[in-house]
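J.: Add chain S to chain E, keeping to what the hints say.
Protein sequences, first through last, are from chains E and S.
First residue of the first sequence? That's 1 in our numbering, and the numbers climb one at a time after it.
First residue of the second sequence? That's 1 in our numbering, and the numbers climb one at a time after it.
In case anyone wonders, no lab produced these hints; they're calculated from the structure.
Virtual Cβ for every residue (Gly too), placed ideally from N, Cα, C.
Among the clues, some could well be false.
Unchecked claim - Calculated pairs, BS3-like style, for lysine-lysine (alpha carbon to alpha carbon, straight line, at most 30 Å):
1) K52(E) x K14(E)
2) K168(S) x K14(E)
3) K52(E) x K12(E)
4) K176(S) x K52(E)
5) K73(S) x K168(S)
6) K12(E) x K73(S)
7) K176(S) x K14(E)
8) K168(S) x K52(E)
9) K168(S) x K12(E)
Claimed, not checked - Only some residues are given here: those of chain S computed to face chain E with a beta carbon under 10 Å:
10) S54
11) R63
12) N84
13) W87
14) R90
15) V144
16) D150
17) G188
To be verified - Residues from chain S shown here face chain E by an in silico Cβ test under 7 Å; the list is partial:
18) Q55
19) I59
20) W77
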Amino acid sequence: MNTSMNRAESLKCKAIRGLGPDIADSDRLPVSLADHGASCLRCQAEVARYRKLRRELGHLAEDAIAAPERVAAAVELAVAAMPQTEPAKPTAKVVATAAGAAAAAASVVAVALWRRSRAVA
Amino acid sequence: MTLGEVRPNEDALIDRARAGDRAAFTELVRLHQDEVFTLATRLVGDRELAADVSQEALIRAWRAMPKFRGDAKFSTWLHRIVVNAAWTQRRRQRRHTTSPISEVYQEPVALEAGPMDLATVSAMRPRLLEALRQLSPPVRVVVVLKDVYDWPHREIAEHLGITITAAKVRLHRGRKHLHELLWDELGGAD
Chain E
1 MNTSMNRAES LKCKAIRGLG PDIADSDRLP VSLADHGASC LRCQAEVARY
51 RKLRRELGHL AEDAIAAPER VAAAVELAVA AMPQTEPAKP TAKVVATAAG
101 AAAAAASVVA VALWRRSRAV A
Chain S
1 MTLGEVRPNE DALIDRARAG DRAAFTELVR LHQDEVFTLA TRLVGDRELA
51 ADVSQEALIR AWRAMPKFRG DAKFSTWLHR IVVNAAWTQR RRQRRHTTSP
101 ISEVYQEPVA LEAGPMDLAT VSAMRPRLLE ALRQLSPPVR VVVVLKDVYD
151 WPHREIAEHL GITITAAKVR LHRGRKHLHE LLWDELGGAD
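In isolation and in its complexed conformation, chain S is listed as follows:
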């Protein structure tokens, strides 16, 4: 199931969950947990943290279900909650850790590719993921949201509490850094 894909019966499940049906919400969790976890992993760069962020995001989603009005797709709405949860998690990490945040976010993450993924994974994928993890968290979040999930700058800025210009500057820096890190994989010498 690819990200953002609408599943059969999802609308019915959403209606029931909005009305307080826990079983329906559990079913929605089952359907969306992988995409939530994937986004969380891309944002925080660490499996354990990503699992915590996913849990928190899904619990927040349950609390907010009555407010879901269907203006955006359910998966888009869920993605926004994941971004907020990841940001909260980052703030907590900064408060409670004595090690530099860059170290906390640079632990290796194994790429778990399913059979379908393996067919499409390019040769540079592992290096790309490693390079992404080397970006500073504020820069990585913007690169992931813009270049991977295609969020508009305005929405990125709103969610991160920064200006649109700051979001663009971070994206510029992030791409430039990735370009340097992946020089050989991208084609190398001029």
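Just chain E, same shape as in the assembly:
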């Protein structure tokens, strides 16, 4: 009985080891492994190591390595030597807004002309 229980537990250890790298993305173990994870110190250590690794990698995003001077200088030279880029074309949103505004203005003028023609009549 004990042997089969130990075997089942060791299979769960194996499963957690297999999942190890992916466990770093989640705060929880899969339901089927949660009980084992809560009581197995080896598995807890495994999970903790992967989470620490993930945290340390995440902290690298806060670093800034100073770019060598030549980068900006070379880019500036290259940009100066290049022909002018085509100015940005208006986006669909801008075109739609402009068209809407023109239509509104045209209706105002049309209404004004219609009122004037009625007043004259």
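T.: Okay, now just chain S, sitting in the frame of chain E:
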């Protein structure tokens, strides 16, 4: 200035650069060159190559400025260009070098930490950077983009021209390898 932070007047500079103003673009380069270089260094693992990648990425950014529509943050847009430039650089290296790509990408890089960095740098940082450089380039790129810059798998896969499953497999392998390389620093024996 941390990565992805929006600088004052950046929007105005972007508008002017989109309209073809070189001076405005030069100012944007000045503001973003360190984060571009940092990402490039993490991706290619070599300062000289990273400088080339940064240059190429920033020149590509100038050419593409009129197409920048502001759907994503400028820094995010720039990061995508850096990843593409790094990948192009890698392909070139593979074509022109006779040494194995793993050797080319394993040259040491000095960590240049500023005063603020030094306060936050953990004891394992130098070892972590060294371990990252030991990953194969295809694996390292995925680990850097996912675990350092928090890109979604879908976007990583799109940029690298691989499937989402392949991106996940590379991440799994990369983390496992780092776990082995950093065993002591991560807590060691069970």
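J.: Each hint needs a verdict: does it hold in this structure or not?
T.: Quick rundown of the hints versus the structure:
1. Among the hinted pairs, K52(E) with K14(E) is consistent with the structure: their alpha-carbon atoms are about 20 Å apart, no more than 30 Å.
2. The straight-line distance between the Cα atoms of K168(S) and K14(E) is roughly 20 Å, inside the 30 Å bound, and the hint therefore holds.
3. The hinted pair formed by K52(E) and K12(E) meets the criterion: a straight-line CA distance of about 22 Å does not exceed 30 Å.
4. At most 30 Å may separate the alpha-carbon atoms for a hinted pair to count; K176(S) and K52(E) meet this at roughly 13 Å.
5. As the CA atoms of K73(S) and K168(S) are separated by approximately 25 Å, the hinted pair is consistent with the 30 Å bound.
6. Restraint check for K12(E) and K73(S): not satisfied, since their Cα atoms lie roughly 44 Å apart, outside the 30 Å limit.
7. Between the alpha carbons of K176(S) and K14(E) the distance comes to roughly 14 Å, so the proposed pair stays at or under 30 Å and holds.
8. Using a Cα cut-off of 30 Å, the hinted pair K168(S) and K52(E) holds, with the two alpha carbons roughly 19 Å apart.
9. For a cut-off of 30 Å, the pair hint linking K168(S) to K12(E) stands: about 22 Å separates their Cα positions.
10. With a cut of 10 Å, the hint placing S54(S) at the interface with chain E holds, because the nearest CB-to-CB distance is about 5 Å.
11. With a cut of 10 Å, the hint placing R63(S) at the interface with chain E holds, because the nearest CB-to-CB distance is about 6 Å.
12. For N84(S), the interface hint is violated, since its Cβ never comes within 10 Å of a Cβ in chain E; the closest pair sits about 16 Å apart.
13. Here the hint on W87(S) is broken, as its CB sits about 19 Å from the closest CB of chain E, past 10 Å.
14. Using the Cβ-Cβ criterion of 10 Å, the hint placing R90(S) at the interface with chain E is not satisfied: the shortest such distance is roughly 19 Å.
15. The restraint placing V144(S) at the interface with chain E holds, with a minimum CB-CB distance near 8 Å, inside the 10 Å limit.
16. Nearest Cβ of chain E to the Cβ of D150(S): about 7 Å, under the 10 Å cut. The hint holds.
17. Given hint, G188(S) at the interface with chain E, holds; its Cβ is 9 Å from that chain's nearest Cβ, closer than 10 Å.
18. With 7 Å as the threshold, the beta carbon of Q55(S) comes within range of chain E, its nearest partner Cβ sitting at about 5 Å, so the hint holds.
19. Interface restraint check: I59(S) against chain E, minimum CB-CB distance 5 Å, threshold 7 Å, status holds.
20. Violation of the interface hint for W77(S) is found here, the shortest Cβ-Cβ separation to chain E being roughly 14 Å, above the 7 Å cut-off.
Going down the numbered hints, you'll see the structure goes against 6, 12, 13, 14 and 20, while the others check out.
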